[in-house]
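Keeping their order, the protein sequence lines are chains X and W. Okay, so the first sequence: first residue is 1 according to my numbering, each after it adds one. Okay, so the second sequence: first residue is 332 according to my numbering, each after it adds one.
Rather than coming from a laboratory, the hints here were simulated on the basis of the structure. Worth double-checking, as some hints may not be accurate.
Unchecked claim - Sample of chain X residues at the chain W side, in silico, Cβ under 7 Å:
(1) Thr228
(2) Ala231
(3) Gly236
For each residue, glycine too, the CB sits at the ideal point set by N, CA and C.
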Amino acid sequence: MELLWLAVSTIAIGVFGCVAWFWGSNWLLDRAYPPKGDKAGDNIRRANQIRPWLFLGPALIFLTMYLVYPVLDSFWRSLFNSNGSRFVGTDNYTWLMRDAKFRESMLNNMLWLLVVPVLATLFGLLAAQLTDRIKWGNIGKSLIFMPMAISFVGAGVIWKFIYEYRASGETQIGLLNWIVTQFGGEPQIWLTLPGWNNFFLMIVLVWIQTGFAMVILSAALRGIPEETIEAAILDGASPLQVFFKIKVPQIMGTIAVVWTTVTIVVLKVFDIVFVMTNGQWGTQVLANLMYDWMFRGTPDYGRGSAIAIVLMILVTPIMVWNIYNARKEVR
Amino acid sequence: MADLKMTNVAKAYGDVNVLSNIDLTIRSGEFIVFVGPSGCGKSTLLRMIAGLEQITAGELQIDGQVVNDIPPSQRGIAMVFQSYALYPHMTVRDNMAFALKIAGQSKDQIRQATDRAGKMLQLTPYLDRLPKALSGGQRQRVAIGRAIVRDPKVYLFDEPLSNLDAALRVATRIEIAQLKASMPDRTMIYVTHDQTEAMTLADRIVVLAGGGIAQVGAPLELYERPVNEFVAQFIGSPAMNLLPGTVRTTGPVTTVALDGGLEAEVAIPTRPEDEGMQVNLGVRPEDMRETDGAAVFEGTVDLTEALGEVTLLYFGTNAETAPIIAKLPGIHPGLNGRRVRLTAPPNALHLFHEGQSLLYRDGPPPPYEVRAAAPSGSMGSTPAAPGDDPDRIEDGLIKPQGPVR
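The following block holds chain W by itself, in its conformation from the complex (with noise of 0.2 Å):
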């Protein structure tokens, strides 16, 4: 049992606030990803929770205790951070024996405790070597390990893969995943700005943003069910596109008229009063499909990226506003400068009004329950996005290809 709990906690500077009404409870057992754009004070939360930031305001229990003024040592948590931070004067094991010696374990015990961590990160052959001579993966090793030699209640991450090579980042990223497996009632704490990792790792993320938490939830609910533009689009990559818009006809199924010309119904249900209201369309990239009947989209290609798996396409990138971006599974030569209509399916639709979901308008949703996706299309069975409504979304155009040579 190791509930983490945060009540109204806040951190300023000064008289610059950082953070402020942090309201959140960490289960015991819990993957918890904290995400958020630099500077959104995520690194400080984390931070505050392991005492190496004091608490401005507010209260923060670790097992129903209040620890705010607890030294870090004594709040039962174990932090691995981005640069590693070993001590470079010592061995691989005594770096991980420190805090065991420091707490006035016997020489036997911590023997015990480094083999058993040595073994279980597959550091075994290095342990009495000096940090310098190893490769940043294992590096990153010995800090986890530090933290696992201690068996402390919560694991504190502080975007410990960001230092690691691209290859490097999934192997050890699976590693973390693993750990967390293998100690499943340990809660642990993890701060990235990488999205793959949070959506990978996470039980629940914790988005922040401009001093508060954004939303906290699964991570196919804040991709599917993102509370405002901001989650909406920090989720996901490319960003989900806003198309703006007034409200023409409410019910079950709202229809939205947008400013192009063109119309889009949603699956979220509006009340009568909301006719003529201005809210923005969010249509994710992935959820965009060509076709030839009705389009939420047109418009000609000015870039096209083509990555193989995927080919990105980039509407209107010398407007000032962003760019229009839909992702097409496959390959698609020659769309370059072509005029290409594009629509999505109605549940993959997203609605906001001044910034925030409609969805959350009279509290939050009944319970979040996973969109299965269809079979996908590269099997060779219909290669339709989720949800596709056959009768009203006629194939593709442009099938996907196989390779250009």
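So here's chain X without its partners, still in its complex pose (with noise of 0.2 Å):
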């Protein structure tokens, strides 16, 4: 009951302070630059080179206190030993050129970045084309959508009941292993099979992502103009041709986002390798790997923080050109 008071109360503070910050501030603006008078003109210019910082204040503020202020703790963090009492430099960072789990991680994550966004932006954009021209669409949307609403922990234990393994003779519990076994096969071990389970553990991020890629692309491909698809077909394209040589390069655009955006998704991929084998069986990922140093057994921070700044660097430039592509898009 005292918990039902503080959420409502928090939730009552927050939207009032919000609204008195916004409201009191404005009020205390022209209350000093008053707009009338003889400097009105003076005083509604200067107020209006305020007023922006007056509201941008608090979000700024607060994105300064929880994303630049970590950013360059975890920098300097990583310069620091395992509890962070010595300075040594960046002997994290050749530690991490040196290990071979590290080498492992960026490998698996490089594999994850040449497989998942091609994959889920290909599906996707497949979804999306299918789905237009058949009646029952909508429902194939929704349910090619759904996926979206999982979190990636649920989606992960949902995929470990796949590939579950009982002995063979027991009773298969995991849905693969039956159909193999169906088939007469043996039940197989699947997320220990060296190399493969890497991409056992991709097709899930593939199954979540394929979604999102086709309301985007769906929407994109509505957006062409009918007449350049008639005009195709009176040229006597296939329809391949116009699929291949009209509308795709038509929203190359959004392809590209698309593809940016799951591919800063697989980047930092954690949640699905961390609940399916943590790591194990060489399917290691740079952000388990990190939450391993940072927080299994004897925390290194020194280590863990300098993993995260590789991590942060490999997908800046991508977020670049990502949002560099959607606004693109936008004009």
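Hints in hand, dock the two standalone chains.
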């Protein structure tokens, strides 16, 4: 009960605090520079210069507190030893370069980077095109979009059941092994198959991200002027040629946005690996490696922070490109 | 040879009939224009010829071959869209080459064809640009070029000038006319709602209304001998005035007693049994002249619009019925609020009974010949309307004047 009160009052303070801030600061500004009298013009101009900063102020402060400061602090910590007591310079980074597990994580991340965005975008594009053309397309779309609503951890658990292993002769409760045994095959411990297990994990993310890609690309496909398609049909293009030579090039900008967005999700992938294999059997990825060093066993803040910084450096350029593309789309 | 023949063609969307009983033969090399009010199905008819719309019933033949179920690209047609429909990601050259590439022509052939089209349409300096770097007129020329390179038997134009500004529209219209002149054996079908385009470009105009063909004929035939009130009012701007009345005397020349008490003589023959018949007298605004003799219309000018070249007089703008409009050549200041008597030559008048022209009562009238205009008043000779009878109609009271300063 106490908790409930706490929640309600927090919300109330938050909402009314916001209103009070915007209304109050605006009121004060108008008092300081009244938009009337001799210097009305000057006052309005000055107030207009200050007002954006007043309104943006809270957001800027919180962004600094929760984004900029942690980044800088992470970088600073990455230059210290495991408990932050001794400055070690770039030692943590040189250690990273030589660490086998880090190299495995980098390699796996690259693999994820190659496979997942391509597959998610491709399947999304196919789903968008095909569901647009059939009667029950909207139901199909909802089904394909549904995984987007499932948390990564939830998705990991669901797929763990699909890959579940029971010894030969026992009842198979994993879907994949059940299918395999139905065809007379031997049940496999899928998540430990070296090399392959990475792809079994990637499928989960593809399954989740395809819905996202489909929704965005479907909107883009519908935005293509119908006449260009009709003109192509008159020019003798087959449906496949219309799709690949007329439609896809016209939504290339949107495809780039989808592709980079999925790429960023992929670079940060953590939950799926954490839940399903925890980085064992050669499936380690950067985010999970960072978690391992940061919070498991004897925490090593220095090495954990160094991995985090590497991850951030990888994501940033793609992020910039993504925003650039998205803006170009809006224009 | 690319005759195009439609037999009983119809189009329906579910239970809604858009077009029905379309019978039309278009001869090879003709320039045909479809006109009609919005929603009359003119674009739909064009898209059916193109193959972009299914034909619900009837038969469409191109070159003697039934093409109802033949895919668009194999019908020997090319289409120019109102919105240009250029492929935005391809250069001008690639836009024009697309159809040829699909058809598997060699690189040399494609280059030749696109070079030629580029030269024809003055697009050579722009061949390597993307459509977004072109002006509206240039884009439309690329769209035309895309049709030309395919060398189709039939060109289809769907309101190609509607997205251009007024000056460019005139220029592009002339270009299309020249293009047609340079390809006398190619058939062109052109959809527009713009009368000027229809009148200037067409060999024959097809007026569509109410889901069917209202009239087919040469532009001036539609102007001078409209088959019904709809065509009469649709062709010509401002629209033809309709004055209700009854037939008083019949014969080779008919006298009509108009509802306001005036009388008009019309050079349209009527039968003796027509006496007392309700008719609408049709008179075009541009055929009306001021008179102080016998008038077909008398009223107080509510509004004038001076365009310099002509002056438009509006009568009865407050009434619920359509206002009567007269178009007098030249400048006429100070007419507002004055009472004016107007007349028109008997052979410029039309008679309609229940919406249909009396000219066409006994089947089609003898072949149409252009009614040549008398020398125009602007050159200083008799300021008379075509076919004016100087004995009966006196000179206008108000002579055209020089510009008012």
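- Of the hints given before, which are not true for this structure? none
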